[in-house]
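Student: Can you build the whole structure from these sequences, using the hints too?
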Amino acid sequence: MTAANSAIDETAPPRARQIGAAIAAWVPAAALLVLRWWWSDRLPDQVASHWSGLGRPDGFSGTWSSWWVIFAICLAAGLVATVALLVLRHSPAAWRGLAGLAVFVASMLATAWAIGGIATLDGGSPQAARLGWRVALIAAPLGYGAFVWLLIGRTARTPTTPTQPTASMPLAPGEQAAWSQSLRSTMFLWLAALLAAGAITFGIARQAQAAVPLAIGAVVVAAFASIRCTIDRRGLRVCVFDRIPIKRIRLDQVADASAEHIDPTRWGGWGYRVMPGRSALVLRAGPGLVVDMTDGRKFAVTLSDPDTPAALLNGLRARAAG
Amino acid sequence: MLVKVDGASPVPLSEQIAAQIRAAIARAEVRAGERLPPARELGQALGVNMHTVLRAYSALRDEGVIDLRRGRGAVVRDGVDGARLRLHDLARRFTLEATRQGLTDDDIVDLLRRTR
Chain H
1 MTAANSAIDE TAPPRARQIG AAIAAWVPAA ALLVLRWWWS DRLPDQVASH
51 WSGLGRPDGF SGTWSSWWVI FAICLAAGLV ATVALLVLRH SPAAWRGLAG
101 LAVFVASMLA TAWAIGGIAT LDGGSPQAAR LGWRVALIAA PLGYGAFVWL
151 LIGRTARTPT TPTQPTASMP LAPGEQAAWS QSLRSTMFLW LAALLAAGAI
201 TFGIARQAQA AVPLAIGAVV VAAFASIRCT IDRRGLRVCV FDRIPIKRIR
251 LDQVADASAE HIDPTRWGGW GYRVMPGRSA LVLRAGPGLV VDMTDGRKFA
301 VTLSDPDTPA ALLNGLRARA AG
Chain D
1 MLVKVDGASP VPLSEQIAAQ IRAAIARAEV RAGERLPPAR ELGQALGVNM
51 HTVLRAYSAL RDEGVIDLRR GRGAVVRDGV DGARLRLHDL ARRFTLEATR
101 QGLTDDDIVD LLRRTR
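If you read the protein sequences in the order shown, they are chains H and D. If you read the first sequence in the working numbering, its first letter stands for residue 1, the second for the next number, and so on. If you read the second sequence in the working numbering, its first letter stands for residue 1, the second for the next number, and so on.
Do not take every clue at face value.
Partner residues are not named here, just some residues of chain H that face chain D (Cβ under 10 angstroms, in silico) [said to hold, decoys possible]: (1) Ser-168; (2) Ala-172; (3) Gly-174; (4) Gln-176; (5) Ala-177; (6) Ala-178; (7) Ser-180; (8) Arg-184; (9) Thr-186; (10) Arg-233; (11) Asp-252; (12) Asp-256.
In short, the hints are calculated from the structure, not lab data. Just so you know, even glycine gets a beta-carbon here, dropped at the ideal spot from N, CA and C.
Tutor: Here you go:
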C-alpha cells in the first residue's frame with residue numbers, strides 16, 4: 001500500500017471552493033474596515049453593546065477599543081482559515097471544521113459590533129440605543145455561515161479497500177507471541193520540558209492560576225513522550241507511563257492490520273487525534289500501523305517498523321478466529 | 001521487539017524469552033537506554049508467570065546486557081555490543097547442541113580449537 005492512496009477516505013472539496021472559503025473568512029475583517037471608514041466621525045466614543053430585551057441597553061463599550069479587539073479576532077480568523085487551507089488541505093474534515101468555525105466566530109462578532117453601532121447611530125446616543133428590529137441582523141452571520149458551509153461542502157466518506165493483502169505471521173497452536181515497542185518523541189519531550197519550565201517560573205512568581213495548568217500540560221505531554229505499544233493474545237494496547245492504557249483494541253475487533261505511511265496532515269495533526277470514524281496516535285511523519293476494525297473504524301499509530309506488528313496482529317486474529 | 005515462546009519446546013520458557021530479547025538487541029530493534037516491558041506486563045502478554053520473565057531478565061542482567069533496578073524496570077545498558085551478543089547467542093546454541101550430543105566440556109573446547 002502506498003502513501004498516496006492509503007489514508008484518503010474523504011473527498012476534498014474542489015480547489016476553487018477551498019480558496020473561495022478562505023477568502024470568505026476575510027470578509028468579516030473587510031466589512032469592519034468599511035464600517036470604520038464609514039462611521040469614523042459619526043459614532044460617539046461609546047456604543048451600546050449589551051441588551052437584556054429589545055428596549056434600552058444595559059452595557060456599553062468603547063467604540064474603537066471594541067472595534068480593535070473584534071477586528072484583531074477577525075484577522076486571526078482569516079489567518080486561521082488560510083493557514084488551515086495550506087496545511088490541512090489533505091485532511092478535509094479537519095480543514096472544514098477549522099475554516100467553518102473561524103468564519104462563523106468572525107462574522108458573529110463583526111455583526112454584533114455592527115448592531116451596536118447601528119443602534120447607537122439610530123438612537124442618537126449610546127443610552128438611547130434601542131435594540132428593536134436590529135436583533136434580526138444576527139441572522140446575517142447565520143446565513144453567511146450557511147453559505148460558507150455549502151461552499152466548503154459536506155465531508156463525504158468513501159470506504160477504502162485494501163490494495164494488497166497484508167502479511168500474516170503463522171503461529172503454531174502452542175506458541176505465544178508478544179510484540180512491544182516503546183515510542184520516544186524528542187519533540188514532545190522538549191515541549192514537556194518547556195511547559196515544566198513555564199510552570200516552575202510561574203510557581204516561583206506565585207501565579208498559581210498559570211502554574212497549575214502548565215504543570216498539568218507538562219505531565220500530559222510528558223506522557224505522550226514515552227508511550228508503549230503492545231500486541232499480544234489480548235489485542236493491541238497503547239499505554240502511557242508503561243502501564244496506563246489509553247487505547248485498547250481486542251483481537252475480535254480487528255478486521256485487518258497493515259503497515260502504512262502516516263502523514264500527520266492526513267490524520268489531523270500530531271498527538272492523540274480523534275476524528276469521525278478514526279483515531280490516531282501520531283508522534284511523527286513516517287511508517288505506522290493502521291488497524292481496520294470490524295465496525296468500520298480505523299486506528300493508526302506511528303511505529304518505526306510496523307511490518308512485524310501488523311503481521312503479528314493478523315496472525316493472532318486469524319488464530320483466534322479459528 | 002517480538003518475543004515468541006513455545007510451550008511445546010524442551011527449552012525452558014525463561015531461556016526462550018532471554019534468547020529472543022538478546023536477538024532483538026543484536027538486531028538493534030531495541031537500543032541502549034530503551035526500557036523493556038515491565039515483567040508483569042510481558043508475563044500477561046505471553047500467558048506465563050511474571051517470575052518466569054523476571055528469571056529471563058535476571059539472566060540478561062548477569063550477562064551485563066540490561067540494568068535491572070526496582071522502580072526503574074529493565075533498561076538496556078549503554079555500550080551493549082550487538083555483534084558480541086550475536087556471538088554469545090551462537091556459542092550458547094552450539095554448546096546446547098554439543099551437550100545434547102553427549103560432548104564433555106573438554107570435547108567442546110577441543111572441537112572449537114580444531115575448527116579454528
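Student: Which hint numbers doesn't this structure obey?
Tutor: Going through the list in order, the structure violates hints 1, 9, 11 and 12 and respects the others.
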